[in-house]
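Just so you know, the protein sequences line up as chains A and B, in that order. FYI, the numbering for the first sequence is 1 to 114, going by my numbering. FYI, the numbering for the second sequence is 1 to 112, going by my numbering.
Worth flagging that the hints you see were computed from the coordinates, not collected in a lab. Quantities reported herein were computed from a predicted structural model and do not represent experimental measurements. Accuracy of the hints is not assured; some may be wrong.
Claimed, not checked - Derived pair list, reagent style DSS-like, types lysine-lysine, alpha-carbon separation capped at 25 angstroms:
#1 LYS107/B with LYS42/B
#2 LYS68/B with LYS78/A
#3 LYS99/B with LYS68/B
#4 LYS99/B with LYS42/B
#5 LYS11/A with LYS42/B
#6 LYS56/B with LYS42/B
#7 LYS42/B with LYS78/A
#8 LYS68/B with LYS56/B
#9 LYS56/B with LYS57/A
#10 LYS78/A with LYS11/A
#11 LYS78/A with LYS14/A
#12 LYS107/B with LYS56/B
As the list claims (entries may be wrong) - So the derived label-pair ranges between C-beta atoms look like this:
#13 GLY16/A with GLY59/B: 43 to 49 angstroms
#14 ALA53/A with GLN81/B: 25 to 31 angstroms
#15 GLY16/A with GLN76/B: 46 to 52 angstroms
#16 SER52/B with SER27/A: 29 to 35 angstroms
#17 GLU71/A with GLN109/B: 25 to 31 angstroms
#18 SER40/B with VAL30/A: 28 to 34 angstroms
#19 ASP17/B with GLU52/A: 25 to 31 angstroms
In this text, a Cβ means the ideal position worked out from N, Cα and C, and glycines have one as well.
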Amino acid sequence: GAGVSQSPRYKVAKRGQDVALRCDPISGHVSLFWYQQALGQGPEFLTYFQNEAQLDKSGLPSDRFFAERPEGSVSTLKIQRTQQEDSAVYLCASSIQGGNYEQYFGPGTRLTVT
Amino acid sequence: GESVGLHLPTLSVQEGDNSIINCAYSNSASDYFIWYKQESGKGPQFIIDIRSNMDKRQGQRVTVLLNKTVKHLSLQIAATQPGDSAVYFCAALSGGYQKVTFGTGTKLQVIP
Numbered sequence: 001g002a003g004v005s006q007s008p009r010y011k012v013a014k015r016g017q018d019v020a021l022r023c024d025p026i027s028g029h030v031s032l033f034w035y036q037q038a039l040g041q042g043p044e045f046l047t048y049f050q051n052e053a054q055l056d057k058s059g060l061p062s063d064r065f066f067a068e069r070p071e072g073s074v075s076t077l078k079i080q081r082t083q084q085e086d087s088a089v090y091l092c093a094s095s096i097q098g099g100n101y102e103q104y105f106g107p108g109t110r111l112t113v114t
Numbered sequence: 001g002e003s004v005g006l007h008l009p010t011l012s013v014q015e016g017d018n019s020i021i022n023c024a025y026s027n028s029a030s031d032y033f034i035w036y037k038q039e040s041g042k043g044p045q046f047i048i049d050i051r052s053n054m055d056k057r058q059g060q061r062v063t064v065l066l067n068k069t070v071k072h073l074s075l076q077i078a079a080t081q082p083g084d085s086a087v088y089f090c091a092a093l094s095g096g097y098q099k100v101t102f103g104t105g106t107k108l109q110v111i112p
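Start from the sequences and build out the full structure, keeping to the hints where you can.
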């Protein structure tokens, strides 16, 4: 079946603009994760959902970052008042359920803040 | 917290040779480890995993070795091919939770 998809693939925003990044996980996957990957670095955990419940948001760098998954499937990562340091690739991953199951990653959204 | 690091940032190998990528982790409570491959413009792709009750696991052309005593794991790729060129990340998890801590990554370059 289809893998994890993310949209848009590329986003250019002027500093101060709000952006919304979408993630469509694999159908039926309970767990959903967002990561931020700076150039040349490994992905850094942002937040984790189990169904519609956001169980961990400890990785969100500031209160400008907000994630939701209202119906337990599609998720949106919103960044308000974007700053240049927000420029990165934002990766979404899903897995069947919790407990060390394999995470399947989407291709990411490359955000560039100018 | 967990700290996961890789010994070498770049590894160049001749096509057909074996590759070994090393990784150290800091949290002795880590009980599940994953190797990911990331090609340019794509998300990380699962390669192989190993649980802490094992010290070796083999897949197709890949082997992961785990040494819990020194908190070290390695990824061995047999008969490296050009398609293996990518950045490889190790990741460690603990407590049955899926918060994945990635290392910085090793770039594998395969020389034809």
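Status of each hint after checking the structure:
1. LYS107/B with LYS42/B: Status holds; Cα separation ~14 angstroms.
2. LYS68/B with LYS78/A: violated, 40 angstroms
3. LYS99/B with LYS68/B: holds, 20 angstroms
4. LYS99/B with LYS42/B: Status holds; Cα separation ~20 angstroms.
5. LYS11/A with LYS42/B: With a Cα-Cα distance of about 16 angstroms, the restraint between LYS11/A and LYS42/B holds, given a limit of 25 angstroms.
6. LYS56/B with LYS42/B: Outside the cut-off at roughly 28 angstroms; violated.
7. LYS42/B with LYS78/A: Holds. LYS42/B to LYS78/A sits at ~21 angstroms (cutoff 25 angstroms).
8. LYS68/B with LYS56/B: holds, 11 angstroms
9. LYS56/B with LYS57/A: The given pair, whose Cα atoms are some 34 angstroms apart, is violated under the 25 angstroms limit.
10. LYS78/A with LYS11/A: Distance of about 13 angstroms is within 25 angstroms: holds.
11. LYS78/A with LYS14/A: holds, 15 angstroms
12. LYS107/B with LYS56/B: holds, 23 angstroms
13. GLY16/A with GLY59/B: 43 to 49 angstroms: Given range 43 to 49 angstroms: holds, Cβ gap about 47 angstroms.
14. ALA53/A with GLN81/B: 25 to 31 angstroms: violated, 43 angstroms
15. GLY16/A with GLN76/B: 46 to 52 angstroms: Given about 48 angstroms between the Cβ atoms, the range holds.
16. SER52/B with SER27/A: 29 to 35 angstroms: holds, 32 angstroms
17. GLU71/A with GLN109/B: 25 to 31 angstroms: At 44 angstroms between Cβs, range violated.
18. SER40/B with VAL30/A: 28 to 34 angstroms: holds, 30 angstroms
19. ASP17/B with GLU52/A: 25 to 31 angstroms: Between ASP17/B and GLU52/A, where Cβ atoms are some 49 angstroms apart, the hint is violated.
Comparing the model with each numbered hint stated earlier shows that hints 2, 6, 9, 14, 17 and 19 do not hold.
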